[in-house]
Amino acid sequence: MKSKFIPLILIFIFLITFVIFFKGLKNSNIYTPNTNLKKEVPLFELKSFENNSIIISEKIFEDNKYYLMNIWASWCIPCKEEHKFLMKLKKDERIELIGFNYKDNFKNASSFLKDLGNPYNIIVSDKDGTASIEWGAYGVPESFLVHQNKIIKRFIGPINDENLLEIQKIIR
Amino acid sequence: MKFIPIFLIVSIILNFNLLKADEIKTENKIAKNLRCLICQGQSVYDSDSEFAISLKLVIKNKIQQGLSEEQIYSFLKMKYGEWILYDPVFNRNTYFLWLLPILIFLAGGAIIIKRFYNKK
Chain A
1210 MKSKFIPLIL
1220 IFIFLITFVI
1230 FFKGLKNSNI
1240 YTPNTNLKKE
1250 VPLFELKSFE
1260 NNSIIISEKI
1270 FEDNKYYLMN
1280 IWASWCIPCK
1290 EEHKFLMKLK
1300 KDERIELIGF
1310 NYKDNFKNAS
1320 SFLKDLGNPY
1330 NIIVSDKDGT
1340 ASIEWGAYGV
1350 PESFLVHQNK
1360 IIKRFIGPIN
1370 DENLLEIQKI
1380 IR
Chain B
112 MKFIPIFLIV
122 SIILNFNLLK
132 ADEIKTENKI
142 AKNLRCLICQ
152 GQSVYDSDSE
162 FAISLKLVIK
172 NKIQQGLSEE
182 QIYSFLKMKY
192 GEWILYDPVF
202 NRNTYFLWLL
212 PILIFLAGGA
222 IIIKRFYNKK
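One line per chain: the protein sequences are A and B, in this order.
Residue numbering for the first sequence follows my numbering, starting at 1210 and increasing by one per position.
Residue numbering for the second sequence follows my numbering, starting at 112 and increasing by one per position.
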């Protein structure tokens, strides 16, 4: 009786472990956050990039428009890549671009915009990165599509052709 | 008489330091319990990435605003999802994770007791 059961249990445990690990092999071990969220825009009070006046979030997103909140920095190489797409998006009147200058210095950031063009309607500076944490951001570059004070979509990493089409489809 | 103000100032400074030490302690404890989402296998406390540096600053600010540890965890959970917490919550997805060790422990105990009685 005893000798019959133990090998059976062992085989059973082995099988379960095998199945779990085998399934785990196929799972992606990269964490992919949810990009379709309907979250309220977090409130913030940040200094304007150009002059040091205070800008309140409620003032920025008050119209019934689409807004793309883009976190960028002059030291971030992928930001240069996505810049041309932001410039394309600037031409669209249905959307406003809000720049979130992340842990940057004024001189470098201004020359970045001078060289590549300024796609933003408003730029605020997030000197210590804490406001980006309030948005649930991971780093630079990252963009949030906002409509009626709600984040409707987020783009982690540089915006590419595909994302641009997606944004244009949403705001149409 | 002169000693009284000096004594007061010294005691206030000492108390302030103690408070500050407490704050730093909770700050570190929280940072150790958070997963750095953009690093591999590191806690926020261990990481020096821009994300972790900002997050540590946010924790510090929240403590100074008077938020409790639990409130800070739930704030971050709301922003980044449950994945940021090292301690997985007991729910449908984690039943197996939490209950399996207990089951194994009970089964082991049962085997030991059975053997013990059989010997007797």
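Derived by calculation from the structure, the hints in this document are not laboratory data.
Values in this document were obtained by computation on a predicted structure and should not be read as measured data.
Check each hint, because a few of them may be wrong.
Straight-line Cα separation of at most 25 Å, DSS-like style, residue types lysine-lysine; simulated pairs [to be verified]:
1. 1336/A - 171/B
2. 190/B - 1247/A
3. 190/B - 1248/A
4. 1248/A - 1323/A
5. 190/B - 1312/A
6. 1336/A - 173/B
7. 1359/A - 140/B
8. 1293/A - 1378/A
9. 140/B - 171/B
10. 1359/A - 188/B
11. 1289/A - 1323/A
12. 190/B - 1213/A
13. 171/B - 1312/A
14. 1362/A - 1293/A
15. 1336/A - 225/B
16. 1336/A - 1323/A
17. 1297/A - 1274/A
We went through each hint and held it up to the structure:
At roughly 16 Å between alpha-carbon atoms, residue 1336/A and residue 171/B fall within 25 Å of each other, so this suggested pair holds. For the proposed pair residue 190/B and residue 1247/A, the alpha carbon gap of about 12 Å is at most 25 Å, so the pair holds. For the hint pairing residue 190/B with residue 1248/A, the CA-to-CA distance comes to about 9 Å; that is within 25 Å, so the pair holds. Straight-line distance between C-alpha atoms of residue 1248/A and residue 1323/A comes to about 34 Å, which puts the hinted pair past the 25 Å bound.
Only pairs whose Cα atoms come within 25 Å are accepted, and residue 190/B paired with residue 1312/A is accepted, the gap being roughly 20 Å. Restraint check for residue 1336/A and residue 173/B: satisfied, since their Cα atoms lie roughly 17 Å apart, inside the 25 Å limit. For a cut-off of 25 Å, the pair hint linking residue 1359/A to residue 140/B is broken: about 33 Å separates their Cα positions. Taking the CA atoms of residue 1293/A and residue 1378/A, the gap is near 18 Å; set against the 25 Å cutoff, the hint holds.
The straight-line distance between the Cα atoms of residue 140/B and residue 171/B is roughly 11 Å, inside the 25 Å bound, and the hint therefore holds. Annotation: proposed proximity of residue 1359/A to residue 188/B holds, straight-line Cα distance about 18 Å (limit 25 Å). As the CA atoms of residue 1289/A and residue 1323/A are separated by approximately 12 Å, the hinted pair is consistent with the 25 Å bound. Proximity of residue 190/B to residue 1213/A is assessed by CA-CA distance (about 53 Å); at most 25 Å being required, the pair is judged violated.
With a C-alpha separation of about 18 Å, the suggested pairing of residue 171/B with residue 1312/A holds against the 25 Å cut-off. Of the pairs offered as hints, the one joining residue 1362/A and residue 1293/A holds, with about 20 Å between alpha carbons and a cut-off of 25 Å not exceeded. Among the hinted pairs, residue 1336/A with residue 225/B is inconsistent with the structure: their alpha-carbon atoms are about 66 Å apart, more than 25 Å. Straight-line distance between C-alpha atoms of residue 1336/A and residue 1323/A comes to about 20 Å, which keeps the hinted pair within the 25 Å bound.
Simply put, residue 1297/A and residue 1274/A have alpha-carbon atoms about 18 Å apart, close enough for the 25 Å limit, and the pair holds.
This entry does not satisfy hints 4, 7, 12, 15, going by the numbered hints stated previously.
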